[in-house]
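*Asks:* Two chains, two separate frames, one set of hints: put the complex together.
From first to last, the protein sequence lines stand for chains A and B. Here the first sequence is numbered in my numbering, starting from 1 and rising by one per residue. Here the second sequence is numbered in my numbering, starting from 218 and rising by one per residue.
For the record, the hints were derived by calculation from the structure and aren't laboratory data. One thing to keep in mind: the hints can contain errors.
Unchecked claim - Heads up, simulated SDA-like pairs for lysine to any residue below, C-alpha to C-alpha not over 25 Å straight-line:
id : chain 1 : residue 1 : chain 2 : residue 2
1  : B       : 788       : A       : 217
2  : A       : 201       : A       : 190
3  : A       : 201       : B       : 323
4  : B       : 731       : A       : 10
5  : A       : 156       : B       : 584
6  : B       : 788       : A       : 213
7  : B       : 788       : A       : 208
8  : B       : 323       : B       : 584
9  : A       : 156       : B       : 369
10 : B       : 788       : A       : 167
11 : A       : 201       : B       : 781
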Amino acid sequence: MALIFTQRADDWLRRGMAGAFASVVLGITGIYYYAPPEYTRVGYAPKQPVAYSHELHAGRLGLSCLYCHTGVEESSVAKIPPTQTCINCHQAIKADSPQLEAIRVSWAGGSPIRWERVHQTPDYVYFNHAVHVRRGVGCVSCHGKVNEMPVVVHEKPLSMGWCLECHRHPEEHLRPPDQATNFEWQPPQGQNQRDFGLTLKDQFGIRAPETCTGCHR
Amino acid sequence: MSRDGEEMKEPPLIGGNHSFHSLTDLICGLVERRAPAWWWIALMVCSSAALTGGLMTAYVISTGIGVWGMNQTVGWAFDITNFVFWVGIGHAGTLISAILFLFRQKWRSALNRFAEAMTLFAVACAGLFVTIHLGRTWMFWYLAPAPNVNMIFPNFRSPLSWDFAAVATYATVSTLFWYYGLIPDFATLRDRATRWLPQHIYGLLALGWRGSGRHWHNYETGYLMLAGLATPLVVSVHTIVSFDFATSVIPGWHTTIFPPYFVAGAIFSGLAMVLTLILPLRVACGLKDVVTSRHLEILCKLILTTGLLMGYGYTIEAAGAWYSGNMFESYLAYNRATGPYAWCYWTMIACNVLAPQLFWFRWFRTTPFAMFLISLLVNVGMWFERFVIVVTSLHRDYLPSSWKMFYPTWVDIALLIGAFGLFSTAFLLFLRFVPMVAVSEVKAFLPQADPHAGGHGSSGDPAPLDRGPMEIVGDDLLEDEDEDTAVHGVLARYATPGELRAAAGQVRAAGYRKFDTFSPFPIHGMDHAMGLSRSRVRFFTFVGGLTGVTFAQTLQWFLSTSIYPLVTGGKPLNSAEAFVPISFETMVLYATFGTILGMLLLNRLPRLYHPLFRGRDFGRATDDGFFLAINADDPAFDPDRIVSLLDRSGALSLEAVRGE
Numbered sequence: 001m002a003l004i005f006t007q008r009a010d011d012w013l014r015r016g017m018a019g020a021f022a023s024v025v026l027g028i029t030g031i032y033y034y035a036p037p038e039y040t041r042v043g044y045a046p047k048q049p050v051a052y053s054h055e056l057h058a059g060r061l062g063l064s065c066l067y068c069h070t071g072v073e074e075s076s077v078a079k080i081p082p083t084q085t086c087i088n089c090h091q092a093i094k095a096d097s098p099q100l101e102a103i104r105v106s107w108a109g110g111s112p113i114r115w116e117r118v119h120q121t122p123d124y125v126y127f128n129h130a131v132h133v134r135r136g137v138g139c140v141s142c143h144g145k146v147n148e149m150p151v152v153v154h155e156k157p158l159s160m161g162w163c164l165e166c167h168r169h170p171e172e173h174l175r176p177p178d179q180a181t182n183f184e185w186q187p188p189q190g191q192n193q194r195d196f197g198l199t200l201k202d203q204f205g206i207r208a209p210e211t212c213t214g215c216h217r
Numbered sequence: 218m219s220r221d222g223e224e225m226k227e228p229p230l231i232g233g234n235h236s237f238h239s240l241t242d243l244i245c246g247l248v249e250r251r252a253p254a255w256w257w258i259a260l261m262v263c264s265s266a267a268l269t270g271g272l273m274t275a276y277v278i279s280t281g282i283g284v285w286g287m288n289q290t291v292g293w294a295f296d297i298t299n300f301v302f303w304v305g306i307g308h309a310g311t312l313i314s315a316i317l318f319l320f321r322q323k324w325r326s327a328l329n330r331f332a333e334a335m336t337l338f339a340v341a342c343a344g345l346f347v348t349i350h351l352g353r354t355w356m357f358w359y360l361a362p363a364p365n366v367n368m369i370f371p372n373f374r375s376p377l378s379w380d381f382a383a384v385a386t387y388a389t390v391s392t393l394f395w396y397y398g399l400i401p402d403f404a405t406l407r408d409r410a411t412r413w414l415p416q417h418i419y420g421l422l423a424l425g426w427r428g429s430g431r432h433w434h435n436y437e438t439g440y441l442m443l444a445g446l447a448t449p450l451v452v453s454v455h456t457i458v459s460f461d462f463a464t465s466v467i468p469g470w471h472t473t474i475f476p477p478y479f480v481a482g483a484i485f486s487g488l489a490m491v492l493t494l495i496l497p498l499r500v501a502c503g504l505k506d507v508v509t510s511r512h513l514e515i516l517c518k519l520i521l522t523t524g525l526l527m528g529y530g531y532t533i534e535a536a537g538a539w540y541s542g543n544m545f546e547s548y549l550a551y552n553r554a555t556g557p558y559a560w561c562y563w564t565m566i567a568c569n570v571l572a573p574q575l576f577w578f579r580w581f582r583t584t585p586f587a588m589f590l591i592s593l594l595v596n597v598g599m600w601f602e603r604f605v606i607v608v609t610s611l612h613r614d615y616l617p618s619s620w621k622m623f624y625p626t627w628v629d630i631a632l633l634i635g636a637f638g639l640f641s642t643a644f645l646l647f648l649r650f651v652p653m654v655a656v657s658e659v660k661a662f663l664p665q666a667d668p669h670a671g672g673h674g675s676s677g678d679p680a681p682l683d684r685g686p687m688e689i690v691g692d693d694l695l696e697d698e699d700e701d702t703a704v705h706g707v708l709a710r711y712a713t714p715g716e717l718r719a720a721a722g723q724v725r726a727a728g729y730r731k732f733d734t735f736s737p738f739p740i741h742g743m744d745h746a747m748g749l750s751r752s753r754v755r756f757f758t759f760v761g762g763l764t765g766v767t768f769a770q771t772l773q774w775f776l777s778t779s780i781y782p783l784v785t786g787g788k789p790l791n792s793a794e795a796f797v798p799i800s801f802e803t804m805v806l807y808a809t810f811g812t813i814l815g816m817l818l819l820n821r822l823p824r825l826y827h828p829l830f831r832g833r834d835f836g837r838a839t840d841d842g843f844f845l846a847i848n849a850d851d852p853a854f855d856p857d858r859i860v861s862l863l864d865r866s867g868a869l870s871l872e873a874v875r876g877e
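Next comes chain B alone, as it looks inside the complex (with noise of 0.2 Å):
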């Protein structure tokens, strides 16, 4: 293998000559400009249908849910379809930021943002139908172990209850990890904005983020952290969902392919809702240079891979039926694939097996409207597969005196149409108001961000470029004495990454210690270089789990034996092996209550307010600054020695900052 290493070498992640500013401008802009006339329109449309479904709701709600369409036979169905279908599709937002980036699949950070977003809405669309399908919506809590008047708890041996716990889970722990990445986001937004309030809100979303080297220390082991709990998360997330169907006695629910056959179906579907939503979004918010068309090829094979899957599960689900001799069962899988339900079967096949396998083709990989169209199939036969699986499975099941049909009311059209409304209505809220890209993290990957560029390989630090001589901001730098605030340090600002790591460094040799550095995003090898330890974040991850697995594990032990001992389907009161996913789920949630609280602890956020924000260029530390600063409490700290050694390391311009 001689070849060249030019030809094996991947296509860049980032198209066009962006510069680490015009990529700010590209995707802030999305949000500071004023909204284009699509976006108006598109949010009619889709409002006008989430005013629809909360009309819908609120009728659900006093009415009660005999106004759908539902009978005693077939008691679940559009309802666990949608709830399924939802909760599935916001699984690929996980996939996306968490699962991918423990595989290092650096092209996940152009998607990350936004297919979390995607996760958010979707779940909380799958938390409206599980909630109104409850019936007495009012009493939702009681789903919860709240100490209550009556001393009636959760069965925790049943999956409904672990279904909540999950769901619960994910939606916190989604929102969580997906505001921990805005964070350095809300920073530069805070700092490019020129009025009061956007300036103010988010200012106080950002937390008081200044890209300390410090904090993307901290940030950085927790974000690892957080991708390392969401990932176990979400593929036990849609598992518990299907042990709602596969702990039943149902033909056709009670099988073991189900877990995993719905994890991959989750993301099979998931994967296709990213990519209808990413093929108009990149051409009307011209993110072309961002989301390449590579990252669409990427997207079209990991479909084609879990529809795959999915098509080797129904081929289980046949032969299961087939092997196991067992009249129900046989017949119910000859019942799907003819009986009256079999047009939804049928589409559930050949959208969901026979569609994506058009992705062998590089034709179909390159082409956005035919990825789209596919894309398109793919969600609806993922609908219907959750259809099949509820309504198929219920509508007849051992004794043909109760075989019904079900057919759906207005209503229940009506409440998915909603859905639909609410999840495309806070989608496009989000656009207009968070950037919809990860700037810190794309940031990272441009040619430049390298600590190396210039040379891979190349021993050592690229020496500093020819910048002419280092620029002294104000005049009064660190001599006249009679000013009224004392100086809080000297600000040093540099041109690349490279040269602030090797400035870190130097500084560090010459004996300081209370020092800092400031980027837009983190640069590799600067915690070395500035001598720092290993962070300190995962103690709290650590403790957060065990306090949260020793709760759960506590409080269902106590409660099931003592406070609420009712014997449930003959189990014993104490059944661990049932307490497991619950304390699996609480021991998630804790340890990311604690990641969070660890790194804003450790980092001291959230703190609005900070001397170095008086930095003259300071607020380009969010855009595309990169700034050394030396603390006038440093017992090294000496005017004469840092002007001269900083101004050897290579600085632009630097600067005395005053203030408490």
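Isolated chain A, as found in the complex (with noise of 0.2 Å):
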């Protein structure tokens, strides 16, 4: 009979089998790779329409965080300075600065500056920034050293299984609630963090829910 395959076919037949093995492996690997946030969120930096340096405001020039993001204490968001905190300064200080020419043209027109957003949680998750400053959840925690940043960068991977990391070991990241803007704040003297933390867990009786209706209403 004639022959079908020769001894190459075996050959090749190896080949491919190898072949498909090693392109699932290295699918799943890039799945694994490129799909989370640690890969898709972590490192975004929009351009802003102005070039407003934290490393300057928060980090050398010492501004609170509180002087531009009010409100983040009492309510469920931090808010975005309308125009009027900068021209608070801005209409003394470096007033003329090409830099603040977008600034000065929405103070005058009266339309805000649209500011790109870089953290955001999805719609469908309850997130409330009061509850959390208020229990001593440093703004490092989410958003890294914002003070040494010139431009803002997505530093933390804002996925759920990293929200519950936190939830579940709070004492890993909780300091005194007065000392949650600071961003170099350091556990006293002959106490380490996780010590600490669970003293202040303690303290002020915190729970962090860890079931789906915690964050997800």
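*Replies:* In structure tokens form, the structure reads like this:
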């Protein structure tokens, strides 16, 4: 009978099977590397309409976060400041700087500046800034060292698994509530973060919810 | 009882006076010949329906399941009705292929291939409904415990998780079992094909199968293992589907009768579907010799039996409602029989309990038209049974203020039609590209396949028939040493399986070890004749099963207690009992993988090329040829001795095969 497959066919079959196996492994690895927010969200640093530097204002000048992001201690959202907040200082300081042209136009015309939003939780997540800040979760825990960022970068993944890590072990991130906006805070001498955090957890009766309805209402 | 033996004998399994070759021709011809006109017409009708189903699926996924007729009270309707209906249809395929195999019901071989195909396509339809009913279909993968950034995992204490494991395992195992049975038949198609494309496609699918006795030995053990695994699996699947209902607190669902009653109903509906399909097909495809009236009669009797079980189930449901003294249960039974959906209930009773009673009469079991009609009625009745269970139980529950009616929308109905279109289109394509009867299995039930052919009970093997002198293929047999390619071995052909078996015994007795036999079907007793020890495939099955059960149990325990410790329904985090169903399903899944892997590894498959394929008539090894090959690297290999030995053993022809 005539041969259908030669010896080489088996070599090709073996190569094909190895190739298929490798593609599956590569595909799965690729999805796990490229799909999570650790890859898609971390590092997001959009160009803002005004080259506002947190590194200058919050870092070198030592402006408090709360000066601009008012309401973070009372409200579920940390507000983006209106042009008024900028003008408070910049009507006197560097009032003619070309970099501030957009601010002056906005102030004169009354139309707000369209800042690019960096951090955003999905609509189905109920996140309350006030609850976190007033129980001593510092800004730095979720936003990173903003005081060192000339351009704000999305530093943490803000994925659900990442939220849960802290909700299961809040002591790793707790600090005295009045230190919430302090980027340089360290636990007191002789105590590590864990033990100090546990004391605070007890003191404030912190029971971070781990059930679905804690965040999805 | 001094009855004459003839009268007690069962009628033959295969009608007509078929030879091995005519049977191959009959069944493979269906795939090889041009498609008949009826096939094209049927395909046109069915694929139009399937296309409707496809469009509706896209519409439902893109728009949301609000386009269905369900409401707050009736939260499950056509989606789950269709899901349970289709999963149930599938069960008959596995009953025939696995359970009846374990019971040594030889007649199953005529039906198992196409019944298993029916299983696959029915499970695909079921999968379609259960997937789109999720609403956000693209989140489907959340059903599996895949590590994800949200760190959320399925709730293993929920029957819905078990259901996913059961249906996914069932689909996978059924597909693999089906393919496993197909390997020898793909080889037959490969060797018969004359055009390049079918040769290569069937060749790849056959994995280089050549009907070796050593291969059959492992293959048969593997088949037995797979049947043994599929048997509890099929019972577990509809049991778990019934748990979706039975573990809830809805009157009409919360009953212990559900698991056996669901399994019986599944087999009942599936057998009816088998009958509906085979009655026209055996005429259209000319398979009356293979699927005889005896087969049909057995199917009718099975339908009658399971129909009686269904009647028992319905009675117990009503009796349970009365005996419980529970107001809601009693009302449910009353509402089913007299409420707004009473017509569904009585359709169900008429079709499922009353109609099969006609099978008590021989006339109904032997008249194709009557059988066809009753099988259609059972199909309709079983669909209505699923509808009654799902919708009438929900539409009036505890609070009269929330009572509501369900009316299907046009999308519901179009999807129902679409699923039938998908099922029948897939089935028509199956008929065209895959042999619809397991060729290698039915051949083994021809009278001449019995190695004792020519007188049962006679001692030893039959003497070789008078065949004239042995033919030597080619003149260069083993002698000319100056050929470039070395001799691989000697290939001898025999006329009957009995002679091949006897020859294998003689070759072994003569001291040869590196020899093999080749036959289109496994020959009874060949493993003894060849001196093969018990197949080691079973160890692969065992290791696979053990890996599966350990993996699933560890995974569920670890995820539920450490990674995702979420209390649901007040149950403990480590709910060992609740982890049993998924552990069982995973065990079956891994044991199936192990079995198939074991068969392939032990047989050194896939191996597309083999020197023996150069043998002149070797293509007949997958049709009607019986071969014996002795390898040249056998220490006892001596050409002159072999020629005389094989001549004495009754070989028809002898050929030296060259090649690496």
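*Asks:* Determine for every hint whether it applies to the structure shown.
*Replies:* Going down the list of hints, with the structure as the test:
1. B:788 - A:217: holds, 23 Å
2. A:201 - A:190: holds, 18 Å
3. A:201 - B:323: violated, 72 Å
4. B:731 - A:10: Status holds; Cα separation ~23 Å.
5. A:156 - B:584: At roughly 73 Å apart (the allowed maximum being 25 Å), residue 584 (chain B) and residue 156 (chain A) break the hint.
6. B:788 - A:213: holds, 18 Å
7. B:788 - A:208: The hint holds at about 21 Å.
8. B:323 - B:584: holds, 23 Å
9. A:156 - B:369: Given that 25 Å is the threshold and the Cα spacing comes to 19 Å, the pair holds.
10. B:788 - A:167: Within the cut-off at roughly 22 Å; holds.
11. A:201 - B:781: Roughly 22 Å between the alpha carbons, so the hint for residue 201 (chain A) and residue 781 (chain B) holds.
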